[in-house]
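Q: Here is how the chains run, residue by residue.
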Amino acid sequence: MAFPPASVSSLEKDLDFEISKIRSEIDNLKARRHFLTSSLLSSTDLQNCIRQHQQQPSLKSSGSITEVSPLVTSASNHIATNHHRIAFTATTFPFTDPDPSLTSTNNNTNTDNNNANANANTNKLLGVRIDICTRNGRYAKPYYLLLKRIPGDGKDKEKRIRIHRHTIPGFISVTDLERVYLPLPAREQEGQEEVQKPWKHPRPRKQDLRGLVRELRKELVAWHLRLDTLDLLKEKLGFEHEGPNILPGGRGTEEGLADSLGIASLSAMGLDARYFRIQWKDGRIGRLRISNTGIVMRAVVMGDRGRDKVLEVALTGGNGRVENVIERLRECTTPSRSSRSLREE
Amino acid sequence: MARPKTISAPTPASLPNDLRIPSSTPSLVKSFGKLSRQALIDLVFQWLDSRNVHAFLPYLEQDHVDSMGDEDTSPYPPAKSVEEVRDVYYDLQDRKGGKREVIDRVLEGDWRHGISLRQIAMADTRYMDDHPLSLRWTALELTRAGVGDNKKMQQPEDFSACIPRIHASTFLNNLQMQISPLVKAHYYLARSNSLPLTFLRICVTDSLYQHPRQSAETLVDSSRVMFVAFPDSCPFIYTSLSPATPKAGPSATTATATDPRNLHRLIRESIPMALSQPHERYTLKATALTAKSLEALLALRGPGRSNAANGAFSIFADAVVEGSPLDPRPSKTVSPEEYMEKGSSNGIETENGAKSDEHSYSPVSKKRKLAVHSRFGTSGSLSSAPLDRFDARLLDKPEPGEKDNDDNIGDVTQPTISLTFTGNDVFRGIRKLTELGVVDPARMPSWMTGEEATSVVAVHRGKRITKDTG
Chain A
1 MAFPPASVSS LEKDLDFEIS KIRSEIDNLK ARRHFLTSSL LSSTDLQNCI RQHQQQPSLK
61 SSGSITEVSP LVTSASNHIA TNHHRIAFTA TTFPFTDPDP SLTSTNNNTN TDNNNANANA
121 NTNKLLGVRI DICTRNGRYA KPYYLLLKRI PGDGKDKEKR IRIHRHTIPG FISVTDLERV
181 YLPLPAREQE GQEEVQKPWK HPRPRKQDLR GLVRELRKEL VAWHLRLDTL DLLKEKLGFE
241 HEGPNILPGG RGTEEGLADS LGIASLSAMG LDARYFRIQW KDGRIGRLRI SNTGIVMRAV
301 VMGDRGRDKV LEVALTGGNG RVENVIERLR ECTTPSRSSR SLREE
Chain B
1 MARPKTISAP TPASLPNDLR IPSSTPSLVK SFGKLSRQAL IDLVFQWLDS RNVHAFLPYL
61 EQDHVDSMGD EDTSPYPPAK SVEEVRDVYY DLQDRKGGKR EVIDRVLEGD WRHGISLRQI
121 AMADTRYMDD HPLSLRWTAL ELTRAGVGDN KKMQQPEDFS ACIPRIHAST FLNNLQMQIS
181 PLVKAHYYLA RSNSLPLTFL RICVTDSLYQ HPRQSAETLV DSSRVMFVAF PDSCPFIYTS
241 LSPATPKAGP SATTATATDP RNLHRLIRES IPMALSQPHE RYTLKATALT AKSLEALLAL
301 RGPGRSNAAN GAFSIFADAV VEGSPLDPRP SKTVSPEEYM EKGSSNGIET ENGAKSDEHS
361 YSPVSKKRKL AVHSRFGTSG SLSSAPLDRF DARLLDKPEP GEKDNDDNIG DVTQPTISLT
421 FTGNDVFRGI RKLTELGVVD PARMPSWMTG EEATSVVAVH RGKRITKDTG
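Going line by line, the protein sequences match chains A and B.
Using the working numbering, read the first sequence as starting at 1 and increasing by one per residue.
Using the working numbering, read the second sequence as starting at 1 and increasing by one per residue.
By construction, these hints were calculated from the structure, which means they are not laboratory data.
It should be emphasised that the depicted structure is a prediction, and the values quoted were computed from it without experimental measurement.
Ideal placement from N, C-alpha and C gives every residue a C-beta, glycine not left out.
This list has only true hints and no planted wrong ones.
Just a sample of chain B residues kept apart from chain A, beta carbon distances all over 10 Å, derived:
{"#": "1", "residue": "Ser27"}
{"#": "2", "residue": "Arg86"}
{"#": "3", "residue": "Leu92"}
{"#": "4", "residue": "Gln178"}
{"#": "5", "residue": "Glu280"}
{"#": "6", "residue": "Arg281"}
{"#": "7", "residue": "Ala286"}
{"#": "8", "residue": "Val456"}
Listed next, the in silico DSS-like pairs over lysine-lysine satisfying Cα-Cα at most 27 Å (straight line):
{"#": "9", "chain 1": "B", "residue 1": "Lys332", "chain 2": "A", "residue 2": "Lys124"}
{"#": "10", "chain 1": "A", "residue 1": "Lys30", "chain 2": "B", "residue 2": "Lys367"}
{"#": "11", "chain 1": "A", "residue 1": "Lys148", "chain 2": "B", "residue 2": "Lys332"}
Okay, chain A solo, but in the shape it has when bound:
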């Protein structure tokens, strides 16, 4: 033994450490096994195989099917959902609100079957899930909308829905979206008198759930694209993209680009990343406004001696895409900077 003789307590500590290490390894292996079994079960080959097997007339008797079914059917359902989520990115699912006050509005007359059935609808929610694929090929946490049906009055057969809960980040205004796409009939707010003379009022606009989801998804995708672009630009400049506002780390080959452009940092202003902030080493500070379509809409560069118009033009010039801002900056800072760089692209 190369080690000095260990006391009992340190030996115990070592053992404890080893045990916990082994435990965590077991957990990892279990998770891996789980992962592998479920990918195996949901693989197309296996699913096809089972389906063919089930369709053979000799095995139509239910015995073998029920034996295999729970795991396989859940796997096949799951993989079907996943395919839908990947292909369509906005998918729906049912959800039941566990609030007991919805299922039994009349506390004491719960035994009444008809009543229970009539009220059963109110705690059923329609979930909308939006999946967004990010730059690294992974998916962001899904965004959810949970929609609630509101009881229309007897005359109005149209189904009306409202957003009940959602997980949309605070900088996207769900109330605005709801006001535009899911308008409620005006009489809800204003009173009952127009029931008698509906011709006097404009017909309530139709609710447009597809429009809502389309617009919402557009906003979310645009946001993720802006974040991805920020990462891309940082990578191009050779900044580590671990933390925000980190000064260039001395890393690798690309380090030169940020140096040659004299850029000290690049970061997003706020979580919504609608504005990027560029800081040059000589103290100039630039701010870019990025549109939802990825165009640099506006750029302001302030130096010690006022605005730097040449850089501003370079930032917004060309085709205006934010992805190749760096190339435009490079052209601008090379000695032959002239209006030529504007004509290109």
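Put chain B on the given structure of chain A with help from the hints.
A: Below, chain B alone, put in the same frame as chain A:
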């Protein structure tokens, strides 16, 4: 060292950053004494930083020569240069000791000529950053005035929430313009060290037009200080509440029109005006959420996912319902903890530890555990927005079996029951009670799970009543 007597004329300007109040003011010791020794030393280094030092010049030997006439009883000989002062505090940092020696050194030694308002503001902000539960905050929502009124179909070009783009100094100028006819104020903007927030500290005094001039004490008085926090990228602001019981002392001496509560109200009213621009007016709307913890406010009225998905719906906010669409495992076979771990691999180790304890020790049967999970989701276990106080007002008639048609909700004569829960984290507590079987998870109304994300609710038949529906 008092500044030379100059002619002072009243101006509508804000109180300057470098207005010094005498170091002998007793409450300075108190307000510095709140900080830890390390925080104090950090603060001094911030003052002595080469970029800042011109604003916080310490007392040096050359000042001493100028004021030869005054008898000086200070035990600390003035330093020759800023570097020397810096070295003194490096020594203090290396040495162990109480914070009192640092405070004495600051007040009687290096800043004996007075502590500027900015220094006080920095100390105050630092204290708040170190002690996030020291104040009570209320969340207000910024809304565009006049947008919701016209029912005409108007399609905004983008659906970004109304977050005004502000330039800090323009905003302060506007705020100053709103406030200056009424009170004098000192403003200090700072970025929080730990949270995505910007703090604005406003210290208001009564009008300086009045005579006699107020003592320096009023500039240190904590009841005259109000904090406004601007969270990043969301249409909310948080304001600190005025202390519940205004101190008896100042109200006796000062005029009633300018007691601290009024000053707070005044500032709160002028903030939306200062944020507004022509054709873009904002108003502030109360959101029925008050809490001590800024993290809770950020979770419930912040930029994240959990603003409108709490209680049972927190499983959606934390995205523990299902994995990514590339995950082959059926979602029922994966525990929420696992999804949480994968989502954010950093910083929840402690929670994991607590969780595994729960697995092994708690007597909760599996069935009840599922029921609790279905009601509370992840709130109170994996994620938490700790509310320290929760008020519920029950508008139901107490007689059982009475069928009231719900038109008389607003009836004044109706008796109501009010419940108040207090504690470190009310909803975590209720969850715990449910796990222990004290509360029945199947019949518990949903406001008890924190689903409404408010600290005050009015409840009728298990549902929250808001003013516009009642």
